[in-house]
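Assemble the whole structure, with the sequences as input and the hints as a guide.
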Amino acid sequence: MLPIIFVLPMIQLIILANAATFEVKNIKFSYIDNDKTSFSRALVDKFEASTYFDVLHSFPSAKMAKSAMLDGKVDVIIEIPSHFERNLLKDKKTNLSVTINAIDGAAAGVENVYINQIVQQFNQNAKVALMQTGDAMAKPQNIITIPSFWYNETLNYKTFMVPGILVLLVTMITLFLSGMNIVREKEIGTLEQINVTPIKKYQFIIGKLFPFLVLGLVLLTVGLIIAKLLFQVPMVGSILLMYGYTIIYILVILGIGLFISNFTDTQQQAMFIAWFFMVIFILMSGLFTPVESMPKWAQILTEFNPIKYFVQVMRMVMLKGADLQDIYPQVIKTLLYALIMNGLAVWSYKKVS
Amino acid sequence: MTNENAITVKNLTKTFGDFTAVDAISFEVGKGEVFGFLGANGAGKTTAMKMLIGISKPTKGEANVAGFDVRTQAEDIKKSIGYMSQRFSLYNDLTIKENIVFFGGIYGLKKSVIKAKSKNLIDELGLHDEADKLVGSLPLGWKQKVSFSVALLHDPKIIFLDEPTGGVDPITRRQFWEMIYREANNGKTIFVTTHYMDEAEYCDRVSIMVAGKIEALDTPKNLKEKYKVDSMNKVFLKLARNIE
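If you're matching them up, the sequences are chains A and B in order. Number 221 in the UniProt record's numbering belongs to position 221 of the first sequence; there are no gaps in the numbering. Number 172 in the UniProt record's numbering belongs to position 172 of the second sequence; there are no gaps in the numbering.
Keep in mind that a hint or two might mislead.
Label-pair ranges, simulated between beta-carbon atoms [claimed, not checked]: (1) B:F19 x A:Q268: 24 to 30 Å; (2) A:P290 x B:R87: 47 to 53 Å; (3) A:Y202 x B:F19: 33 to 39 Å.
Note that these hints are calculated values from the structure, not bench results. Heads up, the beta-carbon is just placed ideally off N, CA and C, and yes, glycines get one too.
Now the structure itself:
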């Protein structure tokens with residue numbers, strides 16, 4: 001069992017950190033060039049030079065381009081208007097029509113940003129070209145683009161994702177192990193033997209917490225070593241603070257697990273309930289989708305999601321070097337949560353039926 | 001409650017919904033007695049025993065075990081009793097020694113005491129070669145003996161045994177009863193359930209439970225005379241059949 005507990009999550013960490021990325025590559029790019037000037041060709045060349053775009057087609061008409069998008073052959077269509085070069089030189093501004101296949105909304109957002117960046121870059125060149133025409137005083141206007149998505153070009157997704165994925169793995173292992181634990185003892189009958197001893201309820205729960213807490217911390221350690229060595233994730237903040245917070249956090253998860261375990265009669269029931277919470281916690285943690293874009297009621301629910309706090313704290317401490325003062329609200333909330341859940345775990349453990 | 005009795009039960013009842021598992025049973029068990037608690041499967045023996053050892057709340061009635069009330073002083077009772085369940089319930093993934101240390105620790109025994117006891121226990125059972133083996137790998141008969149010894153670790157006044165010899169070979173059963181007698185001679189009270197009627201003959205007194213009620217309670221000798229038969233087996237059959 002012990003090798004399973006350690007090896008599987010680490011394989012997950014390595015696979016997921018590489019696979020769960022928001023980077024969008026190999027975008028199928030097409031264009032309609034109504035201008036056919038050196039300017040319009042220079043713009044297309046820009047896209048061709050980018051590693052993100054595969055320039056596939058040049059369509060003679062917008063209609064054909066749209067039908068290609070319908071067939072899924074292209075992701076992005078840029079229509080360069082006629083008089084593109086002339087307008088840019090003369091009025092110092094022009095419009096570009098950009099169509100993005102937004103079935104995958106997140107990818108579309110990223111594509112939009114890439115396109116904006118390339119066009120902006122092109123604009124810089126245009127400025128140079130304008131300057132060289134001798135109109136030294138003319139300050140060229142930007143090509144109008146409407147950015148819909150703020151994007152940090154230098155952001156390395158692995159740095160961003162690895163702490164988050166590590167959080168999930170530590171959470172999953174500790175929740176499932178504790179969730180299965182007491183109910184397993186009910187099934188095999190050892191709990192009855194414990195119940196006829198004079199052991200105190202809180203002693204029993206502490207006895208259950210301790211090994212899983214150690215296990216969770218060891219798991220975190222192995223994960224951090226992998227993050228550092230394999231993914232070069234920077235660890236700016238205090239390691240001590242990270243461990244301190246993790247201890248409180250794992251106690252929350254174990255409290256939930258033991259509470260579930262006390263309430264169920266079979267391991268299957270416990271597994272289902274543990275999964276129920278796990279899926280909600282993961283998807284509402286802000287790891288994959290930002291909490292800010294959830295509906296109001298969902299945002300309120302996330303206040304009760306321990307994973308949200310752990311993801312925040314891990315990123316803040318690891319990547320930004322936050323100190324205790326910065327994570328104070330998370331620490332207090334998590335501490336309170338730990339007290340409540342373990343209180344419930346003690347309360348729900350019944351020695352007398 | 002008198003000081004003479006280890007266990008005093010009055011109208012003890014347990015119901016689950018409409019079903020009455022234990023129906024107002026009353027009896028007394030004297031100190032140092034070997035008390036056989038017989039009954040067919042589903043007669044309510046285990047349910048009654050669970051109330052006496054403080055892991056199941058009685059619906060009605062009273063019971064006093066080792067001088068403590070089962071309703072209000074269950075945790076005190078647990079300090080003075082040993083219990084061996086019909087399901088083997090030591091930790092299979094611990095060794096014999098580890099199980100002893102674990103349960104000794106729960107009962108709050110000192111380390112030196114645990115060490116001495118575990119040496120004693122292993123000597124008595126002759127399990128030197130197996131002491132560091134996982135309990136799960138032992139044959140059933142040995143498991144039961146270890147289980148019994150672990151239930152005695154904290155020197156309880158009363159020992160509850162729920163079908164301790166179920167599925168065990170005749171030789172081991174004999175040895176097991178020798179262990180039980182040794183403890184009874186040490187002044188411990190034994191409360192034992194069994195399906196083996198030859199074992200019932202070893203008891204000082206037996207009660208026979210049928211459908212939640214105690215139908216007969218006396219020494220094996222008196223019971224045989226009363227029902228005019230020559231073995232406990234026939235007593236049991238007569239009682240159980242009469243009801244059905």
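Y202 (chain A) versus F19 (chain B) beta-carbon gap, inside 33 to 39 Å or not: holds, 34 Å
Within 24 to 30 Å or not, the Cβ separation of F19 (chain B) and Q268 (chain A)? This hint holds: roughly 26 Å between Cβ atoms.
47 to 53 Å was suggested as the range; check whether the CB atoms of P290 (chain A) and R87 (chain B) agree with it. Given range 47 to 53 Å: holds, Cβ gap about 51 Å.
The structure is consistent with each of the numbered hints, conforming to all of them.
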